[in-house]
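Q: Using the hints, position chain A against chain E.
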Amino acid sequence: QKEVEQNSGPLSVPEGAIASLNCTYSDRVSQSFFWYRQYSGKSPELIMSIYSNGDKEDGRFTAQLNKASQYVSLLIRDSQPSDSATYLCAVDRGSTLGRLYFGRGTQLTVWP
Amino acid sequence: DGGITQSPKYLFRKEGQNVTLSCEQNLNHDAMYWYRQDPGQGLRLIYYSQIVNDFQKGDIAEGYSVSREKKESFPLTVTSAQKNPTAFYLCASSIGQPGELFFGEGSRLTVL
Numbered sequence: 001q002k003e004v005e006q007n008s009g010p011l012s013v014p015e016g017a018i019a020s021l022n023c024t025y026s027d028r029v030s031q032s033f034f035w036y037r038q039y040s041g042k043s044p045e046l047i048m049s050i051y052s053n054g055d056k057e058d059g060r061f062t063a064q065l066n067k068a069s070q071y072v073s074l075l076i077r078d079s080q081p082s083d084s085a086t087y088l089c090a091v092d093r094g095s096t097l098g099r100l101y102f103g104r105g106t107q108l109t110v111w112p
Numbered sequence: 001d002g003g004i005t006q007s008p009k010y011l012f013r014k015e016g017q018n019v020t021l022s023c024e025q026n027l028n029h030d031a032m033y034w035y036r037q038d039p040g041q042g043l044r045l046i047y048y049s050q051i052v053n054d055f056q057k058g059d060i061a062e063g064y065s066v067s068r069e070k071k072e073s074f075p076l077t078v079t080s081a082q083k084n085p086t087a088f089y090l091c092a093s094s095i096g097q098p099g100e101l102f103f104g105e106g107s108r109l110t111v112l
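Protein sequence lines, in the order shown, are assigned to chains E and A.
With the working numbering applied, the first sequence covers 1 to 112.
With the working numbering applied, the second sequence covers 1 to 112.
Don't read these hints as lab results, they were simulated from the structure.
We treat Cβ as the ideally placed atom computed from N, Cα and C, and that holds for glycine.
Just to be clear, a hint being listed does not mean it is correct.
Stated by the list, open to error - Simulated coverage check for chain E against chain A, where a stretch passes if three residues somewhere in it have a Cβ under 8 Å from a Cβ of chain A:
#, stretch
1, 39 to 46
2, 79 to 92
3, 98 to 108
Looking at chain E on its own, in the form it has when it is part of the complex (with noise of 0.2 Å):
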């Protein structure tokens, strides 16, 4: 079993959906948990962090934590054709040193 799975998709989503991504992880001490948008042929850069039970928004974007299930989910709401991208979720590993476990991502289209 892989560290970190996510739905590979794609996800395609019509402007002003919801987007749901979803990401469950093996490692029971992970307590730090975040999402990273890639442009394709750019670098990643963090758009959510999430470290307690719950939900976490932050303006279109809210993050889901179910440490009991190992899930971690991202929704997109009124999606754009600019949210078009790779998601990727990232986990760490019960460290205080930074290491992640990266998934491989789901690339989502927001279409017009």
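A: Quick look at chain A alone, frame taken from chain E:
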């Protein structure tokens, strides 16, 4: 502006040659990382450094070497011992919450 500068952006190498990828940051960040990304794959950690003159192997360190003589600089050498070096190489730094990474633009290495 503060940021991470990676160079070169594109590099072609013949088999058997060593090549060094530069990573310079002016963010005053302590921790720096090198990741490798292959098509359709998650990021994999090569080396990381928490402080000057100290660095640790990541998950795929074989065939790579690094140095951290200055806080601002963390160059990566891809040696001829690396069997499959063609990839997208990403340098990142982190301050504050571990795992909240800031990436450079990346260096794309192709072995001919």
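Q: None of the hints should be skipped; say for each whether it holds.
A: Verification of the supplied hints:
no.	hint	in the structure
1	39 to 46	holds (count 5)
2	79 to 92	holds (count 3)
3	98 to 108	holds (count 8)
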